[in-house]
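Engineer: So you can see what is in the structure, the chains are spelled out below.
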Amino acid sequence: MAQAAKYQTRPLKLWNKAKELRLNHYKDVATAHQNGKLLVTGGTDGFSCLPAGLGDYAYLGGEPWGASISMDPKLATQCVEAMEARNYARDMCAYMRNYWGSMYLNKSPFGGPFPKPDFCLQGGFCDSHHKWFQHVGEFFNVPYFGIDIPLGEPGVGQERKQEYLMGQLLDAIDWMQKVTGRKYDDGKFIEAVNNDIESSALWSQICCLNKAVPAPMDEKMMFTLYIIAVLIRHEKESVDFYKELKAEIQDRVDNKIAAVPNETIRLMHDSQPPWYFLKLWRYLEEYGAAVIGSFYSFTLSGFIEKRDGIWQAGQTPKERGIVMKTREDAVRVLAEWYLRRNVTQEFSLPWVKNQEMVEWAKEWKVNGFIIHLNRGCEGTAFGQMEARGELLKSGIPVMTYEGNMADKRELNEAQTLDRIDAFMESFGLKKKS
Amino acid sequence: METFDQFKKIFQNRHAYAKEWKAKTGKNVFGYMCTYVPEEVIHAAGILPIRILGSHEPQDVTEPHIYTMFCPFSRDVLAQGLQGRYNYLEGVVYAHSCLHMRQAYASWTKHVPMKYSRYIFVPSKVQSPRADPMLTKEIADFRKSLEEFTGKKITDKDLQNSIDVYNTNRRLMRQIYEMRKGDQPLISGTEAAYMVLSSMVSDKAEHNKLLEKAIKELPTRKDLPKPGTRLMIISSILDSIEFLELVEKLDAIIVTDDVCDGTRYFWNEVQPEKDLIHAIALRYINRPPCPAKDWEKRSRYPFIQNLAREYKVQGAIVVQQKFCDPHEFDIPPIMNMLKEMGIPSIFLEFDITVPVGQFHTRVEAFLEMLQLDLV
Chain W
0 MAQAAKYQTR PLKLWNKAKE LRLNHYKDVA TAHQNGKLLV TGGTDGFSCL PAGLGDYAYL
60 GGEPWGASIS MDPKLATQCV EAMEARNYAR DMCAYMRNYW GSMYLNKSPF GGPFPKPDFC
120 LQGGFCDSHH KWFQHVGEFF NVPYFGIDIP LGEPGVGQER KQEYLMGQLL DAIDWMQKVT
180 GRKYDDGKFI EAVNNDIESS ALWSQICCLN KAVPAPMDEK MMFTLYIIAV LIRHEKESVD
240 FYKELKAEIQ DRVDNKIAAV PNETIRLMHD SQPPWYFLKL WRYLEEYGAA VIGSFYSFTL
300 SGFIEKRDGI WQAGQTPKER GIVMKTREDA VRVLAEWYLR RNVTQEFSLP WVKNQEMVEW
360 AKEWKVNGFI IHLNRGCEGT AFGQMEARGE LLKSGIPVMT YEGNMADKRE LNEAQTLDRI
420 DAFMESFGLK KKS
Chain X
0 METFDQFKKI FQNRHAYAKE WKAKTGKNVF GYMCTYVPEE VIHAAGILPI RILGSHEPQD
60 VTEPHIYTMF CPFSRDVLAQ GLQGRYNYLE GVVYAHSCLH MRQAYASWTK HVPMKYSRYI
120 FVPSKVQSPR ADPMLTKEIA DFRKSLEEFT GKKITDKDLQ NSIDVYNTNR RLMRQIYEMR
180 KGDQPLISGT EAAYMVLSSM VSDKAEHNKL LEKAIKELPT RKDLPKPGTR LMIISSILDS
240 IEFLELVEKL DAIIVTDDVC DGTRYFWNEV QPEKDLIHAI ALRYINRPPC PAKDWEKRSR
300 YPFIQNLARE YKVQGAIVVQ QKFCDPHEFD IPPIMNMLKE MGIPSIFLEF DITVPVGQFH
360 TRVEAFLEML QLDLV
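Chains as they are written, first to last, in numbering that gives the first Met the number 0: chain W, 0 to 432; chain X, 0 to 374.
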């Protein structure tokens, strides 16, 4: 006999809207040239707002493209094999392998050919990303500009890091005007920067609502919601969506509407998920385990900082009373935001992230962590073993599993589920009927 | 040749060398990770900078700290620290390069007690004009932090002296490399490796004396290396001397390289200018790049092509430390580029230990194939 649910639950009202926004974005990418828009490609950890001053454009983010492909295991295998046939190693960035593979095969995961970009614009700090788009530029014979986000000891040399980043952003704008022949509209750029930061801040505010018990969202749900900020945070549509979503999630908190109706323990994951194996999140729910987020889903397109002793969303320029009037103002605000973001700190030295994980466990009332030792992303693997050590030292149970976010060949589903079973048993949990 | 035996002795006994140097001078020794560290500034502070290298022994001490899918060199380096092999160091310095070495540095600073540690942000976009002021300011700040540590000012005279010593070291090694261009190279690849590696782990002024001695002796050297098929090595760090010896026991001689502990380490000098810190920064910005810093344009290609032509390279061995992302990006296009130049190449993936038997077979087969082509 089925047990009565502990909490009420209901689907998100904005669920279909989220799906629609994502698909519309990819339609926009596929038809950009037909509609007279520029098509720009690059990573989504950087500055997708930068081309806004050029007029209409669509931004093809490399990582979400790679993740989308991995949800189609047959296409994903074709893509990685196309890469391996060109003698590239299989331990390279898994998103990139899918992206390059689809580029070589001229296949889009949404049907049709690979959309040829007008130029590549990559802003980031990862070993792979800058080289990723170097090759894309060479393959399509289109111009490429990379922006190097400076890392280093947190808090050391912030002024010069800011200057270095701002300088490159300004250079990128000059370069884009040159390669496109278009005049740059600073007003549009300022609007895009405001949208970028506001989308991120709103998503972070929503993530903070997940401190509530029961959690109004589970991470599998969050993967469909956070992606809007990853793809189009520079657009007003993204801001509008997150404003609505925040209201809905607040309503769920106020009325104790749970994502997982039998929420018994709360977990956090670490790293990207294996995109082809998201049923792992539903499997955990059979034990009453709600995965309520991760450093990844909270901060890839968000920014959570500690203010007044509480972890909360980063403040937007408007909230800080900053008005952007000029290109330089916008570049300064953008550079400062991107330098302070959790993800930037994570790539510098692991201690900041590891400490955050320990503290977030307390504020989000987390009972344990599941760390995905992700062969597909050495960036998120950076510091993970030390994170495990820190969490265990803090008395927080941790389980690890090896896999790959986008290459199905590298995850053993049965073994992973066995490890989950053992981990759940360590909490004294049994699968609910 | 006796001088090269001394290089070999320094490298093989590098820990003993460093401890003796400390005892002799009463000064500090710092370890550095990555050749983008501006050693001149450390030297100017009166500190001996030495490259932290692995020992090529299997180990399991790094498992709790670094994911096993990080490169074997980074794990080997951390293992040395965790095992106390570098317990004579007062400090450790890392230059921003790749994630794997950054992880080794991060775990080292957490688990291996050091009086001083520093992460120097060396821009990844060395091709940007913004890299110059960024690195100049970063190195200026590094200088201040060293002054605070030692309690002693680093004067411009100290810096100029260190620049001179380092430039001399680079120039002399390049001069010796020139002696590998002829039909009868005057030194083998193994000897060249010992020369460069010993430079990385010793006092540069002492090393310069050995280099000057070698330059005098080489033209009349009797025990010349046996010539053979002329090879180039392309790699990240390659301190597996055992492998180089294996190759050169076959009918081959390594005449040049594009390697972290080879040409990339010493090829360019600090150019004179009044602002010494700026001059040092420019040297590191303009040096032959690590692939992690070789974008948007590829400057490694012309560097490799020029070396291949100047040293009359007939074949290349392209080596990758397993899981090394930056080199994984460059290896296929570099091998294609070499092919277009008419230079066959073989790819070998390295781990902490060298599979001597397997590599022997592969390199032998490669050389047989090459020799057929050359006939």
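Derived by calculation from the structure, the hints in this document are not laboratory data.
Since the structure is predicted, the reported quantities are computational estimates derived from the model, not experimental observations.
In this text, a Cβ means the ideal position worked out from N, Cα and C, and glycines have one as well.
Warning: the hint list may mix true and false statements.
Said to hold, decoys possible - Result set (DSSO-like, lysine-lysine): computed pairs, CA atoms no more than 30 Å apart in a straight line:
(1) W:Lys182 to X:Lys296
(2) X:Lys225 to X:Lys338
(3) W:Lys18 to W:Lys392
(4) W:Lys73 to X:Lys321
(5) W:Lys5 to W:Lys430
(6) W:Lys115 to X:Lys338
(7) W:Lys305 to X:Lys321
(8) W:Lys12 to W:Lys430
(9) X:Lys109 to W:Lys392
(10) W:Lys392 to X:Lys273
(11) X:Lys21 to X:Lys151
(12) W:Lys177 to X:Lys152
(13) W:Lys177 to W:Lys115
(14) W:Lys255 to W:Lys361
(15) X:Lys26 to X:Lys151
(16) W:Lys255 to W:Lys429
(17) X:Lys248 to X:Lys311
(18) X:Lys143 to W:Lys106
(19) W:Lys36 to X:Lys215
(20) X:Lys143 to X:Lys248
(21) W:Lys5 to W:Lys407
(22) X:Lys248 to W:Lys364
(23) X:Lys7 to X:Lys21
(24) W:Lys407 to W:Lys361
(25) W:Lys364 to W:Lys305
(26) X:Lys321 to X:Lys151
(27) X:Lys109 to W:Lys361
(28) X:Lys180 to X:Lys156
(29) W:Lys115 to X:Lys296
(30) X:Lys321 to W:Lys407
(31) X:Lys109 to X:Lys156
(32) X:Lys114 to X:Lys180
To be verified - If you anchor each label on the Cβ, the simulated ranges turn out as follows:
(33) X:Pro132 to W:Asn86: 56 to 66 Å
(34) X:Pro132 to W:Lys245: 35 to 45 Å
(35) X:Lys180 to W:Phe138: 52 to 62 Å
(36) X:Asp131 to W:Lys317: 33 to 43 Å
(37) X:Glu339 to W:Lys245: 55 to 65 Å
(38) X:Glu309 to W:Asn86: 48 to 58 Å
(39) X:Thr67 to W:Ser393: 19 to 29 Å
(40) W:Gly54 to X:Lys180: 50 to 60 Å
Engineer: Taking 30 Å as the top limit, are the C-alpha atoms of Lys109 (chain X) and Lys361 (chain W) close enough?
Structural biologist: Judged against 30 Å, a Cα distance of about 23 Å means the pair holds.
Engineer: Lying within 55 to 65 Å: is that true of the beta-carbon distance Glu339 (chain X) to Lys245 (chain W)?
Structural biologist: holds, 56 Å
Engineer: Holds or violated: Lys21 (chain X) and Lys151 (chain X), Cα atoms, limit 30 Å.
Structural biologist: Measuring from Cα to Cα gives roughly 18 Å; hence the hint holds.
Engineer: 35 to 45 Å was suggested as the range; check whether the CB atoms of Pro132 (chain X) and Lys245 (chain W) agree with it.
Structural biologist: holds, 41 Å
Engineer: Take a quick look at whether Lys143 (chain X) and Lys106 (chain W) sit within 30 Å of each other, Cα to Cα.
Structural biologist: Not OK: Lys143 (chain X) and Lys106 (chain W) at ~54 Å, beyond 30 Å, violated.
Engineer: Need the status of pair Lys321 (chain X), Lys407 (chain W): alpha-carbon distance at most 30 Å?
Structural biologist: holds, 21 Å
Engineer: Sort out whether Lys361 (chain W) lies within 30 Å of Lys255 (chain W), counting only the CA atoms.
Structural biologist: Within the cut-off at roughly 20 Å; holds.
Engineer: So if I understand the rule, the pair passes when the alpha-carbon distance is 30 Å or less; does Lys114 (chain X) with Lys180 (chain X) pass?
Structural biologist: violated, 45 Å
Engineer: Do the alpha carbons of Lys18 (chain W) and Lys392 (chain W) lie within 30 Å of each other, as the hint requires?
Structural biologist: violated, 40 Å
Engineer: Can the restraint linking Lys180 (chain X) and Lys156 (chain X) be considered satisfied, given a maximum Cα separation of 30 Å?
Structural biologist: violated, 37 Å
Engineer: Holds or violated: 52 to 62 Å for the Cβ distance of Lys180 (chain X) and Phe138 (chain W)?
Structural biologist: violated, 36 Å
Engineer: Are Asp131 (chain X) and Lys317 (chain W) spaced within 33 to 43 Å by their CB atoms?
Structural biologist: holds, 35 Å
Of the numbered hints stated above, those contradicted by the structure are hints 3, 7, 10, 12, 18, 19, 20, 21, 22, 24, 26, 28, 31, 32, 33, 35 and 38, listed in ascending order.
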